[in-house]
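Asks: This is what each chain is made of:
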Amino acid sequence: MDDFLLRALAAGLGLSVISGPLGVFVVWQRMAYFGDTLAHSALLGIALGLLLDVNLQLSVLLLALFIAAALLVLQQHSALASDTLLGILAHGSLAIGLVAISFRDDVRVDLLAYLFGDILAVSSDDVLWIWAGALLSLVVLLSIWRPLLNLSVHAELAAVDGVRVARVKLTFMLLVALVIAVAIKLVGVLLITALLIIPAATAQRVSRGPEQMAMIATLIGATAVILGLSASLLFDTPAGPSIVTAALALFLLGQLRRSHGLR
Amino acid sequence: MTDNPQSGSLLKARNLSMAFGGLVVFRNISLDITKHQIVALIGPNGAGKTTLVRLALGLLPPTAGTIQRAPGLRVGYMPQRLSLPESMPLSVRRFLALAHPDSASLLENARQVGVSHLLDRPMQGLSGGETQRVLLTRALLGDPDLLVLDEPVQGIDVNGQAELYRLIVRLRDERGCAVMMVSHDLHLVMAATDEVLCINQHVCCSGHPDAVSQHPAYLDLFGAADAKTLAVYKHHHDHQHDMHGNVMRGDGMREHG
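Those protein sequences? They're chains L and V, same order as listed.
First residue of the first sequence? That's 2 in our numbering, and the numbers climb one at a time after it.
First residue of the second sequence? That's 15 in our numbering, and the numbers climb one at a time after it.
Okay, chain V solo, but in the shape it has when bound (with noise of 0.2 Å):
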């Protein structure tokens, strides 16, 4: 691993500021991440979340600010979504093969994150669970100083959610990487995060996920948020009951006062 003398740096970003056609996404974020570390980067939609990871990656370059790596990083990235092309044949095995052709380190990855029985199957036919643990061994193939990954959970069930974030910590813990996750619920990353950047077009507050759970700026955003969601929530039944209990539906459906 290429090693920063000094800090045991990774990835320094300083002000970065991101606009696209005169629409800012975010001003003025910083951020740190060095070896070992679990960073997490939680948000509401719209915050530019995605955005930071794009920058981070070195995808996009930034409208304002300086973004440092350390000499030789290797990166393992895990997108958002996969947006396979249908009329594409390609099985699991050629699909990891395609970025790593080294076959027993992608048995071996497979192994690790439990994708071993899927490697014949085609990319196409996964469960969202099963195609996040197939981008994640992916993203391990390049035995890679740091990973990034955009929501790593997503359409995966509850339990599922909390065995991939297990699995992410014994990564971390195993080969030493330093992961950067974007989420966009901090109850479900504080187990396995040292470090929380909580951003909504700039960041709002950072820290241990403890502190940052309770700080105002967070509870504003997330508390509010919240709310609105239990709101939408209880206004979304397709149907109601009359007085006899009996289901209403058609011209009988009226929305909650």
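One chain only, chain L, in its complex shape (with noise of 0.2 Å):
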């Protein structure tokens, strides 16, 4: 096997230790939408990035917590339902950043390949980084792991019994934050959210509890950066949406076996 492949393997698997996990906290507290707007404003993120000249990740991670912050001062001041606040944040930063980028003509910019990643071309330093930044997420995400679930069974519960709600839950979109700035680069802006929610929706139909839920989600996630790349080799298809190609399958899989069943 090439180099580049290992490499991208490696990366892929990275990613789905934390979106896993990550991921079933996105379905459970219904913030699918939440996720695609975050991943829609990091082009506006690369854009400055590059007309800033500051490292890109960088400026992703830091553009994602503005548009969260954005969104929670939107919430409580506007008449707006939220879904139609998440649109307008979504689509105005997706077309700013795409009239950002227009302006640096003087360097080329792989449009393509932020709209829908470059597995195949990420460094080892890059695998190193994605490795670094899910494992950290991951033990963030353990720390708050009760309190966050807690939350999402019902917040008012959980803040009678003492959870601090508005920490655990911006430190949540924190690491949806931070994950969507590492997960940039492999699957591209317009799918990263399809690798949250897709495992964990899959995940969903075989498993008994929460935590074995968030561990199936990481199998899946796995096994379709697995089949994905496997399939971008054989068919010369591009990597990233074969990944997520890959996670439908699988998720059409299961719901085949759970209709199967109730006969």
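One or more of the hints may lead you astray.
[To be verified] Chain L is faced by these chain V residues, among others (derived, beta-carbon under 7 Å):
| # | residue |
| --- | --- |
| 1 | Leu71 |
| 2 | Leu73 |
| 3 | Pro75 |
| 4 | Pro99 |
| 5 | Ser101 |
| 6 | Pro103 |
[Said to hold, decoys possible] Chain L stretches covered by chain V per the calculated footprint, using a threshold of three residues with CB under 8 Å from any CB of chain V:
| # | stretch |
| --- | --- |
| 7 | 151 to 157 |
| 8 | 202 to 208 |
In short, the hints are calculated from the structure, not lab data.
Here a beta-carbon is modelled for each residue, glycine too, at the ideal position from N, C-alpha and C.
Hints are included, so try docking the two chains, each in its own frame, into the full complex.
Replies: Next up, the structure:
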């Protein structure tokens, strides 16, 4: 096997270590659209990073945090529903991002790589950063696991029991932003949310407890990475979309299994 | 149990007012809860009962007024609804353990409330009445000084309601905890209550349930509401009968005069 494939595999597996446990909370808290909004805004982060000539992942992360904060403020002071606000933020920042990138015509910007990822182009350093980011996020997630789970079950009950709801929620949003900043290189702005929610949704049908669902989601994510990369190698298809397609195929298989069992 | 040496007071609220963005929910409500006492909040929909509960729990700050809780007060809360994520696989046992991991206390409380047989069932598969009992069990796990129950009998049939109220009184008698509960119907809570606060954006009347049920303000509020409910019910048929007693549908359907 070629080196670039090994690096892609290592990067993809590193991502699924965190995307599984984080994804189940995104599904439980119905935050898929929130993840999507952060991902869309990441393109603006890239554009700003290129214009200001700073580290791209840092500018993506900072912009994601800014968008999350903007959402919290808007939710408190606007009569518009959350999904409307998310739509405005997501597509507004995506559009500004595309416009801003066009100003940098002195540098050739591979827009497709940002939109759909370029997992086959990751360097050894990237792999290291991805694993470091994933493991750090996992440690933080485990440290807030119980309060976050309580919060996902019922926020008011959790608050009465002494969970610091705002702090835990903010930490969780920060983790989602961090993972998106890490994952953008692998699957791109448009497909990141899929890696968070499809394995989690697939795991739900076969899991008996919250922790089991998180672990199965990680296994399914890792399987999708392996299958997607293999397909990409065999059929010469784009790697990021192939991984998401593999995840979708696993999800559909899971659906079949359940309806068969019911008969 | 933490005790206020003077009065046994657990919670003392004075002149509470609450408004959301200029919209007044209620004004000038005072409320005292002392040890062993069962206090019922009654009032029509939109009277501000649940908001008052949220203030008492400290989930919201009041727009005006003060709330004093006894130091170290342990509160067990039973919310009006449990909107659990459908996608979270969660057994009743795990749901309860999430609140308090002590499994001996979990089993004992589950036995007292009568949910032991449900422990291995998924939360999402419970009936309305079973869910209410599991929520009550959860509220009891922290050995509370004060139980706050928001519409504890909703989704339960009439026999089950009386049974659950008896259980609440028994829990108070055995454990000595105070109870603050919300209901929209005085008749249901009468036998189980020491003190009733009838609110509709302010305190209409308060006192012993017998006194409240005779109070003009109560009759005003609920007499009128009852009459309205009956009138609505009368108009709720989905069909009518023609002169021969056959059911007429579709175009033949009319409103009662």
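Asks: Confirm or reject each hint.
Replies: Here's how the hints hold up against the structure:
1. The criterion of a C-beta within 7 Å of any C-beta in chain L is met by Leu71 of chain V, whose closest approach is roughly 5 Å, and the hint holds.
2. Interface restraint check: Leu73 of chain V against chain L, minimum CB-CB distance 6 Å, threshold 7 Å, status holds.
3. Hint status for Pro75 of chain V: violated, given a least beta-carbon distance of 13 Å to chain L, over 7 Å.
4. For Pro99 of chain V, the shortest C-beta to C-beta distance to chain L is roughly 4 Å, which falls under 7 Å, so the interface hint holds.
5. The restraint placing Ser101 of chain V at the interface with chain L holds, with a minimum CB-CB distance near 5 Å, inside the 7 Å limit.
6. Look at Pro103 of chain V: its Cβ gets to within about 5 Å of chain L, closer than 7 Å, so that hint holds up.
7. For a cut-off of 8 Å, the count of residues in the stretch 151 to 157 of chain L with a CB near a CB of chain V stands at 5, and the three-residue condition holds.
8. For the stretch 202 to 208 of chain L, the stated coverage by chain V holds: 3 residues have a C-beta nearer than 8 Å to a C-beta of that chain, and at least 3 were required.
Hint check: a violation occurs at hint 3 only; the rest are consistent with the structure.
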